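Number of protein chains: 2
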Amino acid sequence: MAEVKLFGVWASPFSRRIEMALKLKGVKYEFIEEDLKKKSPLLLKYNPVHKQIPVLVHNGKPIAESLVILEYIDETWEGPAILPKDPYERAQARFWAKFLDEKCIPAMWKACWSTGDEREKAREEVIEILGILDNEIKGKKFFGGDNIGLVDIAGNLIGYWFGIITELAGLEIVTEDKLPNFRKWINEYNNCSFVKENLPPKDKLIVFLKARFEAFNTSK
Amino acid sequence: MAEVKLFGVWASPFSRRIEMALKLKGVKYEFIEEDLKKKSPLLLKYNPVHKQIPVLVHNGKPIAESLVILEYIDETWEGPAILPKDPYERAQARFWAKFLDEKCIPAMWKACWSTGDEREKAREEVIEILGILDNEIKGKKFFGGDNIGLVDIAGNLIGYWFGIITELAGLEIVTEDKLPNFRKWINEYNNCSFVKENLPPKDKLIVFLKARFEAFNTSK
Chain A
1 MAEVKLFGVW ASPFSRRIEM ALKLKGVKYE FIEEDLKKKS PLLLKYNPVH
51 KQIPVLVHNG KPIAESLVIL EYIDETWEGP AILPKDPYER AQARFWAKFL
101 DEKCIPAMWK ACWSTGDERE KAREEVIEIL GILDNEIKGK KFFGGDNIGL
151 VDIAGNLIGY WFGIITELAG LEIVTEDKLP NFRKWINEYN NCSFVKENLP
201 PKDKLIVFLK ARFEAFNTSK
Chain B
1 MAEVKLFGVW ASPFSRRIEM ALKLKGVKYE FIEEDLKKKS PLLLKYNPVH
51 KQIPVLVHNG KPIAESLVIL EYIDETWEGP AILPKDPYER AQARFWAKFL
101 DEKCIPAMWK ACWSTGDERE KAREEVIEIL GILDNEIKGK KFFGGDNIGL
151 VDIAGNLIGY WFGIITELAG LEIVTEDKLP NFRKWINEYN NCSFVKENLP
201 PKDKLIVFLK ARFEAFNTSK
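Chains as they are written, first to last, in the numbering used here: chain A, 1 to 220; chain B, 1 to 220.
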């Protein structure tokens, strides 16, 4: 039987992307919790370039970078598809997953972990970026169509973490009168039983993130 | 017959990536040269999110982001493979192409277009990053093995532009006693007839880049 190990962190959306994909395919795996303040020799061995989680190790061979791992999982195991079959739709899914990682998430991070004018500027950028996603998700249940796909899996941070983080950071972004399609997607996402089963418990995550914000606020 | 158009810039390595892939597959296409100081309404229509070249338009449907386009080309047309067949090797190719775009190229850009301490720090980072690539290419003709593949195509900037740019910028990075495997790859790359046919003429590129460096130096 194939041996599948995942080096990750329970509270990391990037790590959870991989768990969600493995669960979708019905792949049994061993989860190895990493301490990012004291990374294990195995993590450093398996991802010497970035020294980051998540790393999937399949039959002793490591794969790093969450979007790369998601494609590997889709190509390796049978089961529900993560990427669409049609090459044009596949390209669109890759485009939006890349957009999340390169534009959306860095802007959100900046808005949450900055102060003053920098924070306000970052907040405005996040709203602009989410406006683009709001337009993209219009009329669809999920980015993947009727079922979750690559962009929805990669979108766990904006679907779940984001609401908790902005609340803790005191950032007002998704208000009642704005981003209606994005808000609808968040709702669908968090009510999807498969998604719910693969997200960290809210109360535990709040405690974890609260501690990080408190440390940030006292260091300001 | 399928209609294939490429919106690009002759001197852009990102644009040339797509031309190289289309030529590899034997796909006929129309090249539309963009003026980045005055982008065409069509480019803005086809890539409203990033407003950047390259954009491939296939039967009226646009695809943006060069790495996404390369995968689309590989999945759409027959001919020599751009990505390997084996899922693990595909993951490795994607990992290194991503590494080029996210780590290598930004560091090189910073080293070339900065001054003083910032420049020196960036230069050291470039050497460190190229050391990682030097190790990866060890014992292989191309990143793709015996033939060029995704990483070699995405690597045109480090294989060709890089030497010209560092010379114009007066940056010493690839010296005689350093990075032997990377230097060997550069040599193989620039002597490969297929690669040569798909790179911009050196003299024309030097004139183009020189003007940019002169503008940068007078604005310092």
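Where hints are given, some of them may not hold.
To be verified - Across the chosen pairs, the derived CB separations fall in these ranges: (1) E102(A) / K210(B): 26 to 34 Å; (2) R183(B) / G139(A): 47 to 55 Å; (3) I164(A) / K61(B): 47 to 55 Å.
Worth flagging that the hints you see were computed from the coordinates, not collected in a lab.
Small disclaimer: the values here were computed from a predicted structure and weren't measured.
Glycine is no exception: its CB is placed at the ideal position from the N, C-alpha and C atoms.
Open item on the list: Please list, smallest to largest, the hint numbers that this structure does not respect.
Closed with: 3
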